[in-house]
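Student: Chains A and B, in that order, are what the protein sequence lines are. Residues 268 to 471 (the numbering used here) are what the first sequence spells out, left to right. Residues 15 to 221 (the numbering used here) are what the second sequence spells out, left to right.
The set of hints was computed from the structure by calculation and includes no laboratory data. If you're wondering where the values come from, they're calculated on a predicted model, not measured in any experiment. Just so it is clear, CB atoms sit at the ideal spot from N, CA and C, and this is done for glycine as well. You may find that some hints are simply not true.
Partial list, computed: chain A residues near chain B (C-beta under 8 Å) [unchecked claim]:
1) Arg428
2) Gly432
3) Trp440
For reference, the chains in residue letters:
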Amino acid sequence: MSLESYRRSVSDAKHASILKVAFIRFLEDGFSKAAMADIAREADVSTATLYKHFGSKEELFVAVVTEAASEVHEDFGTIPADATAEDFFHKILLDGWTAQRKGRVNDLLRVTIAETNSSPELARLVFETVVGGRYRRVQAVLDQMVGRGLLKPHDTAFGARIALGMIKELFVWPALLDPDFRLPSDALTQAQEAIDTYLASYGA
Amino acid sequence: MTLESYRREVSSAKRADIVRAAADQFLKHGYQRAAVADIARVADVSTATLYKHFGSKEELFAATVEEVQNAVDDEFAQQPPGATLAEMLHNAARTYLSLQFDRNLNGLMRIVIAESGRHPKLGRRMYLSFVNRRRDGATAAFDKMVAAGWLKPHDTHLSATFMGGMMKEFFVWPALFDPTFTIPEDADAKIDEIIAVFLARYGAGHP
Chain A
268 MSLESYRRSV
278 SDAKHASILK
288 VAFIRFLEDG
298 FSKAAMADIA
308 READVSTATL
318 YKHFGSKEEL
328 FVAVVTEAAS
338 EVHEDFGTIP
348 ADATAEDFFH
358 KILLDGWTAQ
368 RKGRVNDLLR
378 VTIAETNSSP
388 ELARLVFETV
398 VGGRYRRVQA
408 VLDQMVGRGL
418 LKPHDTAFGA
428 RIALGMIKEL
438 FVWPALLDPD
448 FRLPSDALTQ
458 AQEAIDTYLA
468 SYGA
Chain B
15 MTLESYRREV
25 SSAKRADIVR
35 AAADQFLKHG
45 YQRAAVADIA
55 RVADVSTATL
65 YKHFGSKEEL
75 FAATVEEVQN
85 AVDDEFAQQP
95 PGATLAEMLH
105 NAARTYLSLQ
115 FDRNLNGLMR
125 IVIAESGRHP
135 KLGRRMYLSF
145 VNRRRDGATA
155 AFDKMVAAGW
165 LKPHDTHLSA
175 TFMGGMMKEF
185 FVWPALFDPT
195 FTIPEDADAK
205 IDEIIAVFLA
215 RYGAGHP
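Sequences are here, hints too, so could you generate the full structure?
Tutor: Written as C-alpha cells, this is what we have:
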C-alpha cells in the first residue's frame with residue numbers, strides 16, 4: 268500500500284466513524300443540543316479533523332441523513348427486459364421499505380422537522396437532498412418505464428409525487444407520529460391498490 | 015341570566031382565551047419550550063384556572079389542535095347546490111387547504127412530529143386527530159357518492175387514504191421543512207390533477 272493510499276484509507280475510516288457517531292448523537296440529542304466536540308471525542312478524532320471532514324454541524328447532519336436515506340440503491344437498470352410495470356413498482360416499494368427500516372430515515376426526518384423553525388436552512392437542505400432525491404429517483408424509474416412502453420408518456424415529476432404520496436400516507440405518516448408503528452400485515456394488498464390507482468391513470 | 019349561566023359563560027370565554035393563547039405560544043416556541051405559566055399570563059387567567067380547564071400541557075396542546083379542526087367539522091359538508099362530483103371534490107380540497115394554511119395546522123403538525131419521538135402518546139393521539147378523523151370524514155363522503163352511483167363501489171377507506179396522501183405530498187409535506195411555505199399558485203391545477211387520478215380509478219363516469 269502506498270503512503271498516499273494508506274492516508275486515504277485512514278481518512279475514510281475516520282469519516283465513517285464520525286458519521287456513525289453523529290447519527291446516534293443527533294437521534295438522541297436532537298440537532299441543536301448535539302455538540303460537535305462530543306461527536307469528535309466519541310469518534311476518537313480531534314475537532315480540527317472533524318471540521319476538516321465536515322465544514323459545519325449543518326453539513327455533518329445533511330451527510331448523516333443523506334447516507335441513511337441512500338443506504339439501499341436498487342439498480343433499476345438491471346431489471347429484465349420482460350419485467351412488467353408491477354415488477355418495477357414492487358422494486359420501488361422494496362427499495363423504500365428497506366431504506367426506511369435500515370436507515371431510520373423517519374427518525375432523522377423527525378429531528379429535522381423539530382428544527383424547521385430554528386434552522387430553516389438546514390430543513391431546506393434536508394428536503395432538497397433527501398425528499399428531492401427520492402422524487403428524482405422515482406421519477407427516473409417512471410421515465411424508464413415510459414421508455415419501455417410500460418406506462419403512457421406523462422408528467423413523471425407529478426407522477427412521482429402522486430405515487431409517493433399514496434405510499435407515504437399508508438406507511439410513513441403513521442411512523443412519523445408513532446415511533447412504534449410497524450408495517451401492517453396487509454401492507455402489500457394496500458400498496459397493490461395504490462399501484463392499480465396509478466396504472467388506472469398512466470398505465471399503457 | 016342566572017348566576018349559574020353567567021358563570022358558565024365566563025368560564026367558556028376563559029377557555030377560548032386560553033386555547034387562543036396556547037396556539038400562539040406553541041407555534042412560537044414549540045411544545046417543549048412553551049410554558050404553561052406564559053400561556054396563562056397571555057390569556058389573562060391564573061395558572062390554577064388554566065389547570066382547572068386543562069389538566070396538563072398535553073391536554074392543552076391536544077385541545078388546541080382539536081379546536082382548529084373543529085372549525086371545519088366536515089370538509090365535504092358545504093357544497094353549492096348543483097355542484098358536480100369534480101367540483102365537490104375540489105371544494106373539499108380547498109377547505110382542507112384553508113385549515114392547513116389559514117389556521118396553521120401545518121405549523122401544529124410540525125410540533126407534533128418533532129415531539130412524537132419523546133412523547134409517543136401525544137404523537138399517537140394527534141395522529142388520530144390529524145389523519146384518522148379527516149379520513150373518516152372523507153370515507154363517509156365517498157360512501158355517499160358510491161350510494162348515489164357517482165363512484166364505483168370500492169374500498170372507500172383506502173381511497174380516502176390515498177386522497178389524503180396525495181394532498182399531503184403537495185401541500186403539507188413541503189411545509190414541514192419550510193416555515194414560510196404558503197399555498198402554491200398552481201394549487202387549483204394540482205388539486206384537479208389529483209382528482210383526475212382519483213376519478214380514473216374510482217369514478218363511475220359521472221361528471
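Student: The structure should be examined with respect to each hint, and the outcome stated for every one.
Tutor: Hints versus structure:
no., hint, verdict
1, Arg428, "holds, 5 Å"
2, Gly432, "holds, 3 Å"
3, Trp440, "holds, 6 Å"
In this structure, every one of the numbered hints holds.
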